[in-house]
Amino acid sequence: MFWKFATTSNIDTLLEKEDITLQELMDDDDVLQECKGQHTKLIEFLGKVEVMEDLVSYIITEPAEDTDDTVKYKYPNVACELLTSDVPQLNDILGDTESLREKLFSFLDHEPTLNPLLASFFSKVVGILLTRKPEPTLDYIKSRPDFLGTVLKHLGTSAIMDLLLRLVTCVEAVDLRAQVLSWLNEKNLVERLISLIDPSQDEDFHCNSAQSLCDIIRLSREHMYTLQESAQDDPLLNTLERKETVQLLLKHMFDGGISESVTINGISVLLALLEIRRPAPFGFPEMAPELTQLDVERLACGVSKTLHGLSDRLPDFHSLLENPPKKDVMSCTFGDLNPPLGNTRLHVGKLLSAILITNTHNINVQLSELQIFNALLDLFFAYEYNNFLHTQVVQCIQTVLGNAVTVTTHTSHSSITLSKQNVVNDEIIKKHLFEDCRLIQRILDAWEDNRVHETEAGGHRKGNMGHLTLITNQILENIEKGSNADRIRQFIEGMPEEDQGRWQKFVSEPLAEMNEKNSRELGGHNPMHFSSDDDGETDYRDIPFTSSSAQQFGFTDGDFAEQEEPVGIDRFNKINSLDFEIKADIQSANEDLFEKVVKTRIPNFGADSDDDDV
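Under this note's numbering, the first residue of the sequence shown carries the number 214, and numbering increases by one thereafter.
Since no wrong hints were added, every one of them can be taken at face value.
What follows is a set of in silico ranges between Cβ atoms, one per label pair, in the way DEER data are often shown: (1) Gly250 / Val284: 19 to 27 Å; (2) Leu689 / Arg664: 14 to 22 Å; (3) Arg490 / Arg664: 33 to 41 Å; (4) Ala277 / Ile233: 19 to 27 Å.
Simulated crosslink set (BS3-like; lysine-lysine; CA at most 30 Å straight-line): (5) Lys355 / Lys316; (6) Lys456 / Lys563; (7) Lys563 / Lys694.
Just so you know, the hints here were simulated from the structure itself, not pulled from any lab data. Glycine residues also receive a C-beta, built at the ideal position from the N, C-alpha and C atoms.
Kindly generate the complete structure, drawing on both the sequences and the hints.
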């Protein structure tokens with residue numbers, strides 16, 4: 214009975230027509246499913262060179278402007294799905310036919326800006342060719358005059374950025390991948406991408422070029438993490454980690470004038486180079502994979518070269534904190550920001566946080582001489598509602614408080630045992646934080662200022678007090694059990710007696726009170742714990758249930774016996790006394806409505822059905 218209602222594909226019927234057209238097939242809803250299922254007749258039809266040319270034409274040709282928007286990209290989309298359905302016969306024809314490759318890659322000959330949707334179709338088709346037919350596809354790409362320049366001309370289109378990444382990632386064979394990376398490096402891919410992060414280029418080029426470089430860094434390092442000792446040298450990664458490459462990037466960021474887009478995207482590349490942890494699965498930051506000793510050595514080498522290239526430009530980054538790109542006044546609910554903090558200064562804060570984590574002696578000395586923490590703390594208190602900035606400042610301070618006393622040179626990439634003089638020099642960043650910046654005194658002044666502000670008419674708690682509390686607790690935690698506990702105590706004991714008294718009173722009274730409030734469980738208890746009712750229930754779970762146990766709950770053995778007559782009818786007297794009256798006319802109307810719906814929606818399976826149908 215049930216198979217009488219199964220739908221059958223219309224593809225066979227269409228293919229029997231002598232004058233069948235490609236559009237007729239593409240109009241059928243089952244064409245993609247049948248293609249992926251490798252329908253023999255359909256594959257034979259699609260595998261014709263003239264049909265493949267039509268499919269390629271759909272994904273590289275701009276639809277007519279007067280086409281209805283509802284179907285404007287229908288055929289290009291279906292054509293792309295057919296070409297990327299990973300059918301071996303279609304892959305072979307597309308990858309081995311010279312005319313089809315020429316037609317496909319002619320899409321890049323269009324003038325910018327490319328249609329972003331068609332560009333995504335093109336990138337997807339090239340991706341399947343690089344995966345399934347890598348050798349002929351790469352040979353063709355290398356044979357095209359200045360293929361890389363043609364691609365970079367369209368890098369403002371995000372789908373072309375994806376195409377560039379597919380060149381790096383889609384080739385799986387080890388030898389072939391090495392050849393591709395060497396060829397891309399010989400064509401100066403890294404340097405040409407960096408040249409696009411320049412004020413003379415559009416912001417789309419800044420963003421996509423920086424994203425391409427970041428992806429190359431992360432994917433290349435992840436490839437080495439996976440293969441460990443068997444990993445081959447990655448020429449693109451080696452080029453990116455060179456001191457000269459970092460200096461080239463910084464030259465484009467600063468020498469051609471300050472541009473917020475260039476600065477932000479340039480810093481994103483530097484942050485990728487300075488990344489010293491393996492990326493964690495999305496949403497699970499605590500599950501980041503551990504680094505092996507080989508991974509640490511490779512990272513130390515690359516990060517050290519990056520820092521060497523950065524060191525001469527640290528004054529330029531400090532200048533950005535003091536004199537960022539001009540921005541208009543921003544109106545907020547708490548008043549006007551003139552000027553706003555801006556994305557530039559926020560990203561400089563992120564970069565400084567990453568630099569401080571490396572705990573490099575020469576860098577620490579430079580940052581102290583530049584009074585970098587004074588600039589950060591000034592911004593922290595000036596923009597009291599910018600929690601993004603507060604987070605970066607807290608991370609910078611936390612890093613300095615917890616960093617061990619080590620020296621990492623740019624050339625040896627290793628820690629050196631310190632002499633007494635070296636220890637004094639290495640602690641210059643801590644001295645800068647506690648003595649030059651007067652961190653403790655500024656915390657005390659800010660807390661008192663907040664207290665006064667709260668007592669004023671209409672006053673309220675300032676927005677940075679939560680992060681200020683966090684900084685204070687970090688100081689106390691490091692004094693109690695940190696590796697720099699003795700040195701931090703010395704800084705505090707070196708303060709004027711008045712400030713020491715204020716600090717002790719602050720820690721023992723308002724801070725302790727605040728920490729006690731913050732540690733209270735909302736509602737008085739942790740909702741993750743079992744409630745008292747649940748705890749009471751557990752009291753009975755472990756009690757042996759004997760024959761007499763039922764009597765303790767008011768039952769007898771007879772209550773559970775099987776009997777022919779209903780048992781315990783009296784128990785339901787209360788239920789019987791309830792009024793569940795349903796009016797007859799309402800019930801009848803509901804039944805009539807139900808039967809009417811059934812008759813209209815469900816066919817009659819009465820006398821017409823044979824026994825064989827069951």
